[in-house]
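Peer 1: Add chains B, C and D to chain A, keeping to what the hints say.
Chains as they are written, first to last, in this note's numbering: chain A, 1471 to 1782; chain B, 12 to 290; chain C, 26 to 352; chain D, 22 to 340.
Each hint can be trusted.
Covered stretches of chain A (chain B as the covering partner; in silico rule of three or more C-beta atoms under 8 Å from a C-beta of chain B):
{"id": "1", "region": "1492–1503"}
{"id": "2", "region": "1611–1617"}
{"id": "3", "region": "1622–1631"}
{"id": "4", "region": "1723–1730"}
{"id": "5", "region": "1739–1751"}
{"id": "6", "region": "1759–1771"}
Hint data in this document are derived by calculation from the structure and do not stem from the laboratory. We put the CB at the ideal spot given by N, CA and C, even for glycine.
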Amino acid sequence: MHRFRFVLWRPLQLLPVLFGISVITFVLIRSIPGDPARLLLGTRATPTALAKIRAQYGLDEPLWTQYLYFLQNLSQGEMGRSIVFKIGVLDLMANRILPTVLLVVGSVILSLLITVPLASAAARNRGRPLDHAIRLVSTAGLGLPAFWLGIMLIILLSVNLGLFPVAGFGDTWLDRLHHMVLPCLTVALALSAVLTRNLRASMIAEMASDQATAARARGLPERVIFRRHVLPNSLVPTINLLAVNIGWLIGGSVVVETVFSLPGLGQLLVRGIFARDYMVVQAIAMAFAVATVLINFLADVLTVAIDPRIRL
Amino acid sequence: MSVALARPRLRIPGLPVPLVLGVLLVGAWAVLAAGAPWIAPYDPIAQDLTVKLQPPSAAHWLGTDNFGRDILSRVIWGARIDLQIGFLGVIFPFLIGTCIGAVSGYAGGIVDNLFMRLVDIVLAFPFLVLMIAIIAVLGPGLASFYIAMALVGWVSYARLIRAQVLVLKHADFVLAAKSLDFGHGRILFRHILPNALTGSIVFAMSDAVLVILNGAAISYLGLGVQPPTAEWGLMIAEGQGFITTAWWITTFPGLAIVVLAFGFSLLADGLGELLGVRE
Amino acid sequence: MSDALLDVQGLTVMSGRGSVVEDVGFKVAQGQVLGLVGESGSGKTVTCRAVIGLLPTGSLAITKGSVRLEGQELVGLDPLAMGKVRGRRIGMIFQNPSSHLDPVMRIGDQIGLAVRHHIGLSRREARAHGIELLRQVGIPDPAARIDNYPHELSGGMRQRAMIATALACDPQLVIADEPTTALDVTIQAQILRLLLDLRDKRGLAILLITHDLGVVAQTCDRIAVMYAGRIAEQGDKRRVLTSPHHPYTAALIRCQPASGGGQGVLPTILGQPPLVGAMPPGCRFHPRCSRMQPRCREVVPPLEAKGDGSEAACLYPIEAPVLEFGR
Amino acid sequence: MSAPLLEAQDLVVQFRGSGGTVRAVNGVSLTVRPGETLGLVGESGCGKSTLGRAMMGLTPLSGGSLRFSGEAVESRTAWAALRRQTAMIFQDPLNSLNPRLTVGETLAEVLRVHGKVPRAGVAGRVAELLTMVGLRPEFAARRPGSLSGGQCQRVGIARALAIEPKLVIADECVAALDVSIQAQIINLLIELKERIGLALVFIAHDLALVRRLCDRVAVMYLGRIVEEGPTEQVFGRPLHPYADALIRAIPEIDPDRPLPEAILAGEPPSPLRLPAGCALHPRCPRAFADCAGGQPPPLLPVEGREVACLLYRPASVPA
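One chain only, chain A, in its complex shape (with noise of 0.2 Å):
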């Protein structure tokens, strides 16, 4: 199986991208406005407590020796205290990190459900009225902006209907899925219109390709010639566009969890930015980027697994 050899080699490749992330990350946190140090003590600590606590932090000193302390911490395992929280960065994410995870894999499972039996439906009666409802409709969903769908589900199946919870977590497993329900919908809703559109692009591509054409040479059925030669090769491109929206999907968390009240990373993030929680706000977008950068690689994985012709 050498064509998997790139599992191997592939992390060394993604290693400069890695310490790009933490440069652009630093950089960025020590940019926004505000002493540090005053925001550790308060506004009304003596000058000669805060030189101690830049003195102990190495805030006084150059900035590339910061970031070498930073890159210390880090392999350490320690990303600093939450100043709002009081506790270790760490420890505040792994508490919030279950409705993040939940979200954007329920809403990709979910999104994929919608996705696939609509492109499919649509390829399938190209230019007869189902299709250009499916159209019609991904192409206005390209347009849905997910704070207000989430508002919209929520005014329409939590309060008028009172089938889901209209904010919140829960605190047992199925109270949790329960109040999972309309944030993976709201997000799905938003990526299946993408990803339908897409689809049924490279289904209807494949349909009229010389491959498919052989394959009706052949004698096989439409419904046989769909299921083995049309669906894994249109799969492809989607699978990359899926991927491509990966860090799409991980921002949209950030505005999905705080229509929904949802105590995930995203939520945090934003809290973090108005509460100026430097630490926090610093871990979590590099959290997010190196999940990013994971995801994308086992997208690669499965491309390769599918098309044999693809080599890393």
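Peer 2: Positioned in the frame of chain A, the structure of chains B, C and D alone reads:
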């Protein structure tokens, strides 16, 4: 069966339907935005607590918010901001991305490698997260939004243009230009770029959709347009506290976003069809 | 030729802009190779797609004529019944094996899908059948190759694999659309040799579509020359190539440089073939014809039998033509 | 014999791919004299197109040297001088023209950049060039998308002629055209060759065309020239087994000539893993033990031409 190369060909008599619809929709918003002072029935900012939280009626077609401001007027005035977001939020990334992508793809080698690593790094950050972080540094506001947009948004254009340039660099007509001893500038700007641009112009139209959504999301989070200015994302945020009692405050600005974004999507589809570009 | 396996008569295919194929008729008998020759746009590919019922729906449609396979009418057959003809009784080989094989499916599965569908073989039987087929089309080490993906084979091997998929259900007729155009000359000779061997062993009828008169001369029994959607001339290969009656056939043969030599300027045909929707009235070749008479602009020449067994569609055919070979 | 116009010595072009390094052109030497037509033939992947491009500097050389009109082509200015006197015609007639420019703009650009005619004379010269390649001057206003393949190729030739070249490199310039159009283009080349005294490097896989057009022919296999000599000699009695197979495989419109029996076994090996010794030996019907080892056989003079084959080693060459 040999398949002829798809070539851009302007079919003037039969313009694609999506293009016409898109132009009409976006055009309608542009007219509303330009004529806001004359078209909007009320002042979008002036508060009138005597008519607060009124449902849609003959006097206030789309109802009023908790300060008694007319939603219709705020939606119409909001079009000014959101169209501006769609335009300025696209044009800077487009220009920066086109330059970087063209140089990177044409020069190749180390230059290309450096730029592409930079693209990888920027792409690694979830778009909105990076935007939020940059705006946090610059302070909330529209100007910060545009700067953040320019800093983050160029990567898509750079990648698109670079990919096109890489293909065109080996096209026979570019080799022909090289074999005729034409200079690099002439080859890049007269022979490669005009042919590479169609794809990214179409992409810019569909990107406008994303930019408008992002602008609204940033304002919704409180990092973009600040109250009391009328902007759709901000209006949705302001109305969220009243969803059980006054659904119209959030619903109509959201619909406005959907309709404008739909217009740009149609514009992108129609333009793509017209120019023979497939995304 | 009442015993023809494939009998095409008066076949007309229309597109939105006009007729792409008009009043085309030919026959192929068992064990016979018919070469359908023409330049690009002559309608030869559309003709063979019409025969196998694979015209793109919506843009092209058969409006007249009949296609009979062993007396059974194929035009107007419902999709289900046509599915039993395609692949089962008519196999098809395409020009470009790289794009006509599914890139993400193993060769064995592509053969297997067809035989399992048409003959109802089990997965295991289909695999054994596939290996045997690959052996017959001359692929070395077929038991290993059957698990390869198309991109893992060379161009020539890929075309052999495509031939194997066409032969999978033991069809009576094979339609080969420019089967060697994408290949190099030394490989081309190998593939043509394979087709002829298969014809001899299986008694296949072959409809060979090509633009290359050299390929026709070496492989076919009969030739039909198409120009602008119509048959210009057809008949026995030797007759048509050595004594063409239609000025187009004669000109086509003359403007092909012979490897045997000859220096200097080549004879050519003036101008370019007409486009669909802008066909000239009367004989479609008249604007480029050196023997054009006023009547050619008005009268559509019917395909008429000449004394030597050839048929030509020309009002003023070349009567005693002799072309020299072995120059 | 006149002084050579273009001399190539041991040209090497390497491509680094994912699977390793491919030597697309592997030590090729050849000479083109003024007014002469050299045919470069071989199957796909033999390196003939790469060689053509390398001679224009469109693909960087990894080794070897080039002389143009006696001057070594090394510096930027020397390449410029070569390109200002050498033009190229490409395979895909439509793709070789910028789709955004009209025919007139394409030709005028060349005239202006090369300063061939004063500004006022550009339009007239464009019309003249179009007439020369058999197109009406009105074609100047058309874009490539509205032209047929043959017409595009005529424009391509006109663009080549615009620089008033001494040498034209034509890369498979009729391969994409129909037979009747192909003959028109070949005739145009023959006519121009005689009228202007152009030297022509004609890269093609169609040997019959090469025999018709060329004075000398070089047969390539896997990056090397295996036989080179006067066209009539090579075609009349090819010595190298590959040249022989290639010439015998040309489909002839002769109904009495049967399909040739297996000419060469198998297919060319991957250029990534060339066999040792003569690259042809695994397929060669006349291979013997020595062919499988050592260096590839060098090109040596045999019977008025040059052949790279151990069958014609000096010791075994008949007198």
